[in-house]
Amino acid sequence: MLCDDLRGMFYIALKDLKAYYFKAPNISWGILFPFAFILAFAIRNPGDLRLLVPGLLALTVLFGTSSMEAIVIVFERRIGSLERLFLAPVRLPALLAGKLLGGMAFGLTVTLVVLVISLAAFGAGGTNWLLLVLALLLSATAFSAMGAFVSVAVKEVFEAQTLANFIRFPMMFLGGVFVPLASMPGWLQILARFLPLTYSVEALRAALSGGAGRMAWLDLGALAAFSVVLFWLAVHTLARRME
Amino acid sequence: MTESVHVTGLTKIYPAAKGRPPLRAVDEIEFTVQEGEVFGFLGPNGAGKTSTIRMLTGLSRPTAGKAQVLGLDLASDLPRIKKRIGVVPEASNLYDELTAFDNLVFSMQLYGVPRAERQPRAEELLRRFRLSEKRDTPFAKLSRGMKRALTIAAALAHRPPLVFLDEPTTGLDVMSARALRGMIASLRDEGVTIFLTTHYLEEAERLCDRVAIIVRGRIVALDTVDGLKAQASGRPTVEVTVAGEEGRTETLRSAGDDVEATLRQALAQAGGRRVLAVNTLRPTLEDVFVRLTGLSAEVMLVEKGKK
Chain U
1 MLCDDLRGMF YIALKDLKAY YFKAPNISWG ILFPFAFILA FAIRNPGDLR LLVPGLLALT
61 VLFGTSSMEA IVIVFERRIG SLERLFLAPV RLPALLAGKL LGGMAFGLTV TLVVLVISLA
121 AFGAGGTNWL LLVLALLLSA TAFSAMGAFV SVAVKEVFEA QTLANFIRFP MMFLGGVFVP
181 LASMPGWLQI LARFLPLTYS VEALRAALSG GAGRMAWLDL GALAAFSVVL FWLAVHTLAR
241 RME
Chain L
244 MTESVHVTGL TKIYPAAKGR PPLRAVDEIE FTVQEGEVFG FLGPNGAGKT STIRMLTGLS
304 RPTAGKAQVL GLDLASDLPR IKKRIGVVPE ASNLYDELTA FDNLVFSMQL YGVPRAERQP
364 RAEELLRRFR LSEKRDTPFA KLSRGMKRAL TIAAALAHRP PLVFLDEPTT GLDVMSARAL
424 RGMIASLRDE GVTIFLTTHY LEEAERLCDR VAIIVRGRIV ALDTVDGLKA QASGRPTVEV
484 TVAGEEGRTE TLRSAGDDVE ATLRQALAQA GGRRVLAVNT LRPTLEDVFV RLTGLSAEVM
544 LVEKGKK
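If you read the sequences in order, they're chains U and L. Numbered per this note's numbering, the first sequence spans residues 1 to 243. Numbered per this note's numbering, the second sequence spans residues 244 to 550.
Mixed in with the good hints there might be a few duds.
A few chain L residues that don't get close to chain U, going by computed Cβ distances all over 10 Å [said to hold, decoys possible]: (1) Glu340; (2) Gly355; (3) Pro363; (4) Arg370; (5) Lys377; (6) His442; (7) Arg453; (8) Leu524.
Partial pick of chain U residues on the chain L-facing surface, computed with a CB cut under 7 Å [unchecked claim]: (9) Gly8; (10) Lys15; (11) Ala19; (12) Phe22; (13) Leu87; (14) Ala88; (15) Pro89; (16) Leu101.
Simulated from the structure, these hints should not be mistaken for laboratory data. Where a beta carbon is used, it is the ideal one built from N, C-alpha and C, also for glycine.
Throw the hints in and build the complete structure from the sequences for me.
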C-alpha cells in the first residue's frame, strides 16, 4: 500500500507539472512578480539591495508554490478530474502530498533561478548552504500546504484566487520582507508570528548571512509545524468535502 | 459461478442541507453481479444509480449495509478493490491539457502498470477505440464521442476484471452511442464483468444479461430481460394491419393466451377488409418498466433532459 501511495504521489506531481505548472506564463509570472515588488520597494527606499534578497527569495517561494497550488485542486474538482485520483489506489494524504510535491517542485525551480541571479549579483560568500536548502525546502512545503488548504476550502477557482491573495498580500507586508519586524509596533510583531512568511524570511536571512543560531533552527521548526498543520487541515477538509 | 459484486442492505442517506430534509437516495438494496455478465442498473434520474456506483467504488461511504466487490469487503479492503476495478463516470473527466496518449499512460502509472507495458498498451487501446489518429491531440480538443471512448479506454488501461460504466452513452450522437455500445459488447465477449447504469431502456435491453430496475432508491425488479418481460405480460398480443378508407391503414390489436384464437379474434375485427400485415408482439423492456414502476417511459428522457 505504501508503495502504491509513493508511486501515486510521484506521478500525480509529475502530471501536475506537465499539465499546469511548466507553462510560459507561470514561469515568467513566478519570477517577474516578486522582482517587480522588490524593485518598486528599492526605488522608493534606496539602500543596500543585498538586504532585500532574503525577502525576494521568500516571496518567490511563496508565489511560486501557492499560486497554481491554490487553483489546481479546486479546478480539477470543478471539471471532475479530481475524482479520477480518488478512484485510484492512492490514499487521500498521499494524493494531496502529490499535489504539494508538484507545487513545491515548481516553486523551488523558479526560486533557484532567482537565487542564482541574486548570488551572481551579490556573491555567495558566507552563505550557510545547509540552512539555505532547509529553509527553502521547508518554506516551499509550508506555502504549498497553504495553497492546498486554500484550494480545498473553496468551491470555485475565483474564490481560491481571492482567498489566496487575501492571505498572501497582508502576509507580504507583515512578514518582514520590506520592513524589519523589530521596527513594527508590538501588536503587529505578535500578528507576524502567526504567519509562515515571517519564519521563512528570518531563516533565509540567517542562511545568507552565514548565521546558524538557535533562532534560525526555531524558524525551521516553525515552518515545519506550519507545514504539518496546514497539510492536516487540507486532508481533513478534502475528506469532508468528498462526502 | 463467481460473484463479482454482492450487496446486502446497502443504504445511502444524505444529511439534511439548506432547509432540505435528509435524502434516502439508496434504500436497503440487495443484488449480486455474476462474473462475466453485463448487469444493468436501470432507472430515472435521481433513482439512486450513481449513488450506488459511488458507494461501490469507494467515492462515498454507505450509511448502512454491506458489499463485497471481487470477493473483497468494501469497508475493509477498499484500496485492493480500487486496484482491480475500472470506473467510467457519467462525465468524461480526463485531463484537458494532456494528449490522448499521455492520459492513458497517466492512468497506467497510477495503477502500477509496469513501465515496459505502458506504451504498447496505450497504443493498443487507441487502436481499439479508433483513436490512433488522435494520439497526440489534447483531450480538450477531442469530440464528445471521442472523449467518451478515451475515458472508457483509460478505465480499461490496467485490465480490470470489473468495470463500472455510469450512463456511458448519455449526450452522445446516434453514431457515437452505437459505436460505444459495440465496444461494450466486445468487452463482455472478453469476459469483463460490466456494471452499467443507464436510463435508456433500449440500451439495457440490447446490452444487459440481467437488469435491476431502481426507483426512488429501491430495486423494484431484478431479472434477465426475458424474465422481466415475462413478468410484465404473459399474454401475447396480435397486431393486424388492414386497409382502411381512402387508402389509409388501420391497426387492430388483440391480446390473449392462445395465439391462434387471438388471431381469429383480430381477423374478425377486420370485418373482411384486406389484411396488409400480421405481427405477434412481445412486451418490450419499456412495457416492463411502465408496468413495474407506474412511471411513463418518457420520464426517463424528460428528467435527464432537465438535468
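Verification of the supplied hints:
1. The Cβ of L/Glu340 does not lie farther than 10 Å from every Cβ of chain U; its closest approach is about 4 Å, which violates its non-interface assignment.
2. With a closest Cβ-Cβ approach of about 6 Å to chain U, L/Gly355 is found to fall inside the 10 Å limit, against its non-interface label.
3. A cut-off of 10 Å between C-beta atoms confirms that L/Pro363 is not in contact with chain U; the least separation is 19 Å.
4. Every C-beta of chain U lies more than 10 Å from that of L/Arg370, the closest at about 23 Å, which supports listing it as non-interface.
5. Distance check on L/Lys377: its Cβ is at least 18 Å (rounded) from any Cβ of chain U, clearing the 10 Å threshold; non-interface status holds.
6. Every C-beta of chain U lies more than 10 Å from that of L/His442, the closest at about 19 Å, which supports listing it as non-interface.
7. Annotated as non-interface, L/Arg453 keeps its C-beta farther than 10 Å from every C-beta of chain U; the closest such distance is 25 Å.
8. Every beta carbon of chain U lies more than 10 Å from that of L/Leu524, the smallest distance being close to 42 Å; the non-interface claim holds.
9. With a cut of 7 Å, the hint placing U/Gly8 at the interface with chain L holds, because the nearest CB-to-CB distance is about 6 Å.
10. Hint on U/Lys15 holds. Least Cβ distance to chain L is approximately 5 Å, under the 7 Å limit.
11. Of the supplied interface hints, the one on U/Ala19 holds, with its beta-carbon coming within about 4 Å of a beta-carbon of chain L, less than 7 Å.
12. For U/Phe22, the shortest C-beta to C-beta distance to chain L is roughly 11 Å, which exceeds 7 Å, and the interface hint is violated.
13. Of the supplied interface hints, the one on U/Leu87 holds, with its beta-carbon coming within about 5 Å of a beta-carbon of chain L, less than 7 Å.
14. Using the Cβ-Cβ criterion of 7 Å, the hint placing U/Ala88 at the interface with chain L is satisfied: the shortest such distance is roughly 4 Å.
15. Satisfaction of the interface hint for U/Pro89 is found here, the shortest Cβ-Cβ separation to chain L being roughly 4 Å, below the 7 Å cut-off.
16. Taking 7 Å as the C-beta cut-off, the interface hint given for U/Leu101 is violated, the closest approach to chain L being about 14 Å.
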